[in-house]
Every structure is written in C-alpha cells, then in structure tokens.
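> The lines below spell out each chain.
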Amino acid sequence: MALEVLERRPEGRVGREALTIVGRKTLRKDAVAKVTGRELYASDITLPNMLYARVLKSPYPHARVKSIDVSKAVEMGAVVITSQDVPQVLFNPRLVSIPEATYKDWRVLTDRPLFVGEPIAAVAAETEELAQRALEAIKVEYERLPAVFDAIESMKPEAPKLHETIILKDREVKVERNVACRLEIAEGDVEKGFKEADVVIEREFRTNRRYHNQLETKAVVVNLEPGGGVTIWCTTQTIHNTRLLIHEIFGIPMNKINVKKISLGGSFGSSIHTNIIVPIAVALALKAGRPVKLVYTREEDMHDHVSFQMIFRLKLGAKRDGRLVAGQLQAIVDIGAHQIQAYPILGVIAGWWVSLYKLPHVKYEGIAVYTNKVPSCAFRGYGNPQTTWAVETLIDELAEKLGIDPLEFRLMNYVGEGDIFWGQGPTVKTVIRSCGVEELLRRGAELIGWHRRPKPGQQKGRFRRGIGMGRGFHTSSAGSPVPGSVIDYSGAMIKINEDGTIDYITALMDHGGGSLEAIAKIIAEELGVPLENVNIITADTQTTVYDVCTHASRGVYAGGATALKVARQVKQKLLEMAAKILDTYPHALRIRPDPKRGQGVIYVEGIEGKEITIGEVAMTARHKNWGTIAAVDSHRTEAGPPHFTAYFVEVEVDTETGIVKPIRVVAGADIGTVINPDLARGQIHGGFAMGMGMALLEDTPYDPDTGDLVNRGFLVDYKTASAPDMPRLKDFTVFFAETYEPTGPFGAKGLGEGAFNPAAAAIANAIYNAIGVRFYELPITPEKILQALRGGGENV
Amino acid sequence: MSFGSPWFTLPEFTYHKPKTLKEALELLDKYGEEAKVMAGGVGLLAFMKERLMAPSHVIDLKGVPELGQAIYKEGEGLTIGATVTLNELARYGPLKKFGALHDAVRDIADPIIRNRATLVGNLCEAIPWVDTPPALIALGAEVEIRSLKGERRVPVKDFIKGPVEIDLEPGELVTAVHVPEPRRNSRSRFIKYNTGSEFALVSVAANVVMDGGRVRDVSLVYGAVSSTPQVAVKAADALKSAEKPWEVLDEVGRIASEEVEAVSDVLASEEYRRHLIRVLTLRVLREVMG
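Protein chains in written order, with this note's numbering: chain A, 1 to 796; chain B, 1001 to 1290.
Same shape as in the complex, but just chain A:
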C-alpha cells in the first residue's frame, strides 16, 4: 500500500462508513506490463503452424461480382475463401439488443459489395507477405453499379437501391427508399405546445462522420481445437457476444467456442459489435484446418468503422418566463452500407434529447438511411455528443432571444433528481436519484469567470476570446427496473485463495480506461483487503458467466455493482467460517485491511485476541474440508442512472487564419463516488480532446468519382487534436460534484461517455461568444470561420 496516497475520505456518506480504498490514488495493476511492453494484445498471439490472412475488398462503392478467379492464389499455396465458402446467413454483428430490435443485413463475404472496403474474399498463407501476394493474384470481374453518398439523396425515388430485403428477428422486411428502419415517438400535444410558446426557434444541424482512431487496429487469431472447436483471441468489447455470433453464423455448439479475454488498445465503441474479420478468420481457419491470424492495417481499419452522421431538424419553444414548453426533433441518420445498431440509435437519440431538458410536449421522428459508405457503429457517447451539440446550441440561442442568462435558463429546465431519465431509449427508463447539475453549473461558472465573459460579436482585432458552456450526461449502463430492448447484466466470480488473496474472474472487458482496476478497488473495499491482494484473472467464455458488453459507461457502475454483490456473498461465507473459528457470530465481525501483514484481518471490535487473517480462515477451511470460500452470480442493476458533466471553455479565435484554440477549460463531473481520481481526470482530458476533434477538425468525406474516402484511409489526412493543440494542463481544471448514487457500488456512476458528450457543444458556444457567429455544420473549420467573418457575421 506504500504507493497509495490518501486523496480524500468521503466520510458521512449515506449509510456508509468511511472508505479506505475507493477514492485513493493507486498504481494501476496493468501499469508495469503496459509500460514495459509485456502486456499481450490480440495481434501478439502467435501459434505453432499458424497461417496469416489478408482480405480482398471491394474497390467500388457499389458493384456486383460477376466472376472471381482464385486459381493463381491457390497455385501459390494460399487457402482462399469467397462468398461461396461461408455460411449463407444474414446476421447483425451487434448482439446487445433483443432480437425484436436487431435488423440483419450482413454476410461474412459478399458478392454484392455496398462500400469501398467491403470484404469479397480472403486468403491465408504461410506469411503475411505471401497472403498479400496471393490476394493480388485473385482476378475479380465487377459490374459497377450506381452509388449514393448522402442520406437525403439516398431516400429519393431515383436513388440506387442498396438492399432489397433484410431480416428482423425471423421475418423478412422489404427495404423502401433505402430506409433501414424508423422510429416515431410522441408525448403530449406538440402543436398545442408550440402555440403556447412565446419564442420558437427551429434549425437544421449536420454533424460530421468521425473515425474512432483507437490505438489498436482490429485483430483476430483463431485456433482449432480437437473435436471441432475454435478458440478466438480478438479485439472485442464483449467476449460472450462474440461467441454467440460465431455460434449463430457457423452453428458450432457454444461449448466448443472459446473466446479469450485479452487486452484491448482502446475501442470507443468500434468493437461492441463483432468485427467482420472475426467470422472471416474463423471461416479461413475451418477451411485451412490450421490456426489463422488476421490483423488490419490502419488504412483498412479506417474502411471498417465510423460514427453515425446525423442531420437534425430541431425545434424548441419556450415561454417568456423561461420555461420550455415543446420540442420537435427529426433525426436523419446516415448509417452507411449496413446496420450495426441503426434501430437502437434511433431510440437513444430520442432518449438523450428528452433527458436533457423538460419538454411537456414532444414529437420525434428518427430515420436511419443506407448509403454506400463505411458502416456506422457506436462511437463514444452513442449519438449523445451529436444530439447534445444541437440541443445545447439551440438552448443558448433561445436563452439569448429570451434575454435570460444561458446558465440560468439551463438550471430552470434541466432534467434532474426525481425526474424520469431515458437511459438507453424509450424502453430503458429510470428515476434519477442523484444529481449534481446545479453544483456543476454554479461552481464551473465561478471557476471560469462566466459572468465576466464578453458580449458576442463586440470584439475587434486579430485575436478574439470567448467563453461558452455545454452541459450533458450519459447513462451509466442500460439497467432499468424492467427488461427493455437492450440486454444489460453482468457476471462475476470471486474466490478467496488459501493465503487470503482474492481472484476476481469476469468476462467484463477493460478497454484500457481502467474499469477493472476500479472494480478491484470495490472488491478490496468490501472484503477489507489490501488492493494488491485482489487479482484480476485473465478469463474466457468457458470459465465466466455471461456479461453483456463493456459499453454504455457501464463498466464501473454495472460491472462494479455485480462484483460488489458477489463480494458480499463471499464475505458472508467468510464471516460464517471466521465466526466458527473465533467462537462468535458472523454479524458481530468486522474486516480491516492490514497493509503490514498484507492481509485483511477479521476481528471483533473491542475484544482483544478475537482476530484472524482472511488467509488463516481460508487455510483452516482447507484443513477442515469446509470448501473454497467463493461465489458466482449474475446481476442486473435496477437503474441506469445518468452521470452529469459540464464543460466551460474559453477559446481564442485567430481571425487572420480562422484557427480556434481552446485556451482554458473547466470541466465538472457528477459521477457519484469517485473511485479512481487520476483515471477519472484522464477520461475528462481525453473526452475534451475528442470533443475538440468533433467540433473543429474531424470528418471523413467521400470522393463521388471513386466512391472511396477522400483521404483513402491515410491517417495523415485525417485531422485529430493532438497534445500541442490542447490547453496546458494548468489551464484545464477538473472537479467532481459531491454526490452519491444509491444504486451504484459505493455510490459510483459511470463517466467514460459523459466525459465527452457536451465538449463540442461548449466549444461551439464559446466560438459564438468570441465572434458572434453560430455554426450548424460540423466540423467548424478555419475556412468556415473566415467565410463567416467575411460574410458579416451571419450564422452558417
């Protein structure tokens, strides 16, 4: 425990004694392995007799494969698969939702590619280079078909049709006008609401299509087991759903598919679904009868996944006194060539929208549209950053029109404690039980100097500074008191070893953000042992119970709640045994960590001599044949509570070049009890960098002639914010609200996505404050800023 520094002891919390481990700064368990390069990732796995694979991809955005000649590749000694060699099933690679909400339109390999980069065939050979040369020897004759690159264009009657029929659960659905799916929601009477409003503003917003740019590109290694089984190491946020999908496609019994947990080099939502390379590698391994490794290059990775682009038409109405009365939102979502989570995102857009501000009358229409582009999937925030940018821009505008301070306007209307929160869309509802919004807004405003900010558009000169804010939230898990259309439960096994150390075994993934580190602290806190005694076990689908996925900011909240539940079961068994030894009663015993002895010590308060270490109990249990002190269980949280965040940003706009530089940031987060203060701050720093990319830099436009990305997948032509673009650390203040979530483990909530969601909105509002111009299309590039300034400050 020498490395632990007591940062704060959240005393006096509801029903809680002082915490001794949760909330402390500690050394990460995986830190040494990571900084010394010893941590293993999927691409590090090398097996005897292994082949290397490469994937042949469509060079056209829309085509039919007329013929494919693989003879040369086979002559070179490669194993080749085409669409004829894979199971002829339609599937959806994401299995987080129930079947009634899962549209299927994917094949492992296709002969009708719908985007540049869609897999047509794959080869495996003795070396990666030979595989690539074999790939280049395959001759494909394509019939090029017309393609469409814009969601609005795609819905027109003359647009090329991408899919004829797709599958929903077990029935065929006809696709009309390239609409993948739609969702409508209405509450109250929106027409009446707008009639009651004194001020109504309606705007159209268009977001960018951003690439995840996670450190680790997609990778998979497949081994064949005697008896027809497969073992899989891959980049995934969910080992169990990967197993389910391979079972669904290939019909291999689930007890013969083992998906191994392995470190993940970031993901940001790009592996909630099973990446297409996984079934491709399985098909290759099955045909070759040998292990297969397949690792994507960065250029391939950029042709594999991307965020959803959204076109919003948003209308809000308010009374003169500042009360919002009605809202209407149409969201047209460009999903690219295939569905990964198109239907769920339509639900969550509505959910994020109505959970920001109280709207008595609402009407929502969500339309997901196919285009001949890289398929969109979840991306940190899952539609929330886009929605929040639009809403927070319009809220700022409304406040100005009403003559109310935008901060006060938000405080009058936000959805807070006691209100209903739509965590993950209309089927996942929760009553908010903890809320630090007011604290975040008031304290953040004070720290940034909100009331001294300039008046918009009044500044002259080259550099113009402005202060803006954006607030938001994200759900913590998709938990809810009743089942919804999203599956959300976790599993954990905890056992006490004979020396008193603890093994924590779970399928829950850690993307690198430290979710499992936090859970180890939760277990150590509950069992009263030093943190280093808790061991996070490398596990797989064969040795763990189901866990849905690490997404939806649920790792610490739902995964932690599950571990806590199991830890309590273990503790009960432990105390029963200790009571037998000490001649007392289980409920009379307490546990404290004893760093000197490196043990948890069980004792009776005030009575000398009545104490024993956990190790002694476990060893006694062995000698007396009482059995292992262990428990395994599943857990569904009864809520999916929001964690709230607020960004206050000061930007400097260089009116000569149009460059916007954030120079000061104050970020507040209400995440309940803070378990890992340093890692929580890190999430916020990273969230802001990503928000800056969204607001100012990132996009993946297409070249209509080639149908390919304009940057062709080259990272040098994809702009992201890097360290020199960020404000200095001393100008980046992070603070946490003093809240306690009663449904969370030791009062904790999630953070990963809330840390990002309102950042772009805050930057956009700060730009308005500096130069008096609002932008309705992202990213807000230097060129757009100069154009706007030249255009006399008209909103664009």
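Any given hint might turn out to be false.
No farther apart than 20 Å at their CA atoms in a straight line, the calculated lysine to aspartate or glutamate pairs in the DMTMM-like style are these [said to hold, decoys possible]:
| # | chain 1 | residue 1 | chain 2 | residue 2 |
| --- | --- | --- | --- | --- |
| 1 | A | Lys460 | B | Asp1250 |
| 2 | B | Lys1017 | B | Asp1029 |
| 3 | A | Lys784 | B | Glu1271 |
| 4 | B | Lys1049 | A | Glu136 |
| 5 | B | Lys1049 | A | Glu129 |
| 6 | A | Lys784 | B | Asp1265 |
| 7 | B | Lys1049 | A | Asp717 |
| 8 | A | Lys596 | A | Glu576 |
| 9 | A | Lys315 | A | Glu196 |
| 10 | A | Lys784 | A | Glu656 |
Since the hints were derived computationally from the structure, they do not count as laboratory data.
Model the placement of chain B on the given structure of chain A, informed by the hints.
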C-alpha cells in the same frame, strides 16, 4: 484499395549497397531508368508500396561515406551530402546561419522520421507539400549532380520541374545540396501553417537583404500551395521598390496571394490557401525585416 490495403508489400527489386561513389555511379549508369537510389527510404518505400514507383534495382547510398557529410565553410556556404539526415542537419551548429532552412528542417514530421529522412531525399521527392524546397529556393541553393559523364549544378528552383518530377537524367545522382553563404545584412525565416495534421497547408520562406530602411533584395517562396514551390516575383519587386517597405507589407501580401498558383484539395480550398498566403507573407516579412 483495390487489393486489400495499399502500403502493404513492396514490388520485387534487387537491392544494391555500393561502398564508393564510383561504384554507385556505375550501378546507376548500368541500370538507368530501372534504378532508384535510396537514402533514408522514407519517401521511396512509401511510393513503392503505393505502386507509384516500381524500380527493378534499388541502390542504397548509406554505404558511401562521402555522401554522409554536412560541411560549412565560412564565406562559401553549406554543403549537405545526400545521406545526411534531417536530425543530423538540425544538430549541426552552422545551420543556424541559414534561418529559413533551420526552421524548415527542425519541424518536419516527427523525431523518428527525422532520424531516417534526409534533406536531399526530401528535396528529390518533390512532393508539393514538403517543407525544405521553399527554404532552399529562398536561400538560393543549388543541387550538385554527378554521373560517370561528369558533374553539373542546378538551382533548386529549376531542379523541381513538377510534382514528383525533377531535373535528373538516368545515370545521374544528386550528391549534395549547396547553400551559399548568406549575404551581409540578410535574414531568412520559414513558417508553415498546419493544424491537426503534420503536413503544411501553406508554407512560406522569405530571405531579405536590408539596406538601411529599405529592402535591397528579397525572395518569397511558397510551398504546399500548388504542384511546385511558387516564387512571388511581383510581390518581391513591390517590396524592393518601396521607399518605406514597412508601409507596403499588406500590399505585398495581397500581390503574392494573387500572383502565385494555388489549388484546392482535401485539406484546404484555393480561396483559403490564397488567404493564408497573404497572412503568412505578412507574418514572415515582419520577422525577417524586424
């Protein structure tokens, strides 16, 4: 994208590593157009992976000792051999005398690339957005070219003929770049504009010779704006002819932004590039005239 990913395998070639300049020139003479020389390989291998070049013979110059030297002689200038890396050059003390080149060399890409990439390679790539050519042109640098037939010298300005096109015949080798001693009362700087991306959207190099309050001579060269570095002649004339040069900087920037070629691409529109030319011209002139 037609076959999986580009940037994956190299086309097949024979690798040569001569130990003397003579041997290198003989190999070049023998294989002519079939051969490409390699120093750091940063540009060549990337071109080959994308199949923009597929030489049958690659001649690695790193084994030739005399190509690996940077030598400064007072009054004569700086000679930079073909295999001198950007970081070696950046660490070479006398480089500071050549302000624009010093600026350009120190800020290319990242330290890992600068450890491999060479100045001569950077120049010979003749990619429109590379940083060193504008600086070299503004400083009046020349390219030293050798072949079995003899030796010739070409100003950098004429050496770059088009995008990825240089004045080099089969059998010829660029052995060095020579930058002349800066003139008295001269000062040069290089500025590039980039955001969220390592490549310049627009870069500018300026080299002025002051004479009292007036500008006796000036060279203004722009990179990343068009397919080749652009020299602004009219803007330079306007500055030279001004009696009070400080008062015409705005006008000089405007002239430069109108006279040079500029294009649109994924990173910026032509209009924005012209705007940046004007802004950067002002900034660089304020620095070199100050």
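> Holds or violated: A:Lys784 and B:Asp1265, Cα atoms, limit 20 Å.
holds (15 Å)
> Is A:Lys784 close enough to B:Glu1271, meaning Cα to Cα at most 20 Å?
holds (12 Å)
> Is it true that the CA of B:Lys1049 sits at most 20 Å from the CA of A:Glu136?
The hint holds at about 13 Å.
> With the threshold set at 20 Å, check whether the alpha-carbon distance from A:Lys784 to A:Glu656 stays at or below it.
Roughly 13 Å separates the two Cα atoms, so the pair holds.
> With the threshold set at 20 Å, check whether the alpha-carbon distance from B:Lys1017 to B:Asp1029 stays at or below it.
holds (15 Å)
> Is it true that the CA of A:Lys460 sits at most 20 Å from the CA of B:Asp1250?
holds (19 Å)
> What's the verdict on B:Lys1049 and A:Glu129, does the C-alpha distance respect the 20 Å limit or exceed it?
holds (12 Å)
> Taken at face value, is the distance from the CA of A:Asp717 to the CA of B:Lys1049 at most 20 Å?
Roughly 18 Å between the alpha carbons, so the hint for B:Lys1049 and A:Asp717 holds.
> Would the pair A:Lys596 and A:Glu576 pass a check requiring their Cα atoms to be no farther apart than 20 Å?
Between A:Lys596 and A:Glu576 the Cα gap is close to 25 Å, so the pair fails against 20 Å, i.e. violated.
> Could you grab the alpha-carbon distance between A:Lys315 and A:Glu196 and see if it respects the 20 Å cut-off?
holds (14 Å)
Checked against the numbered hints given earlier, this structure breaks only hint 8.
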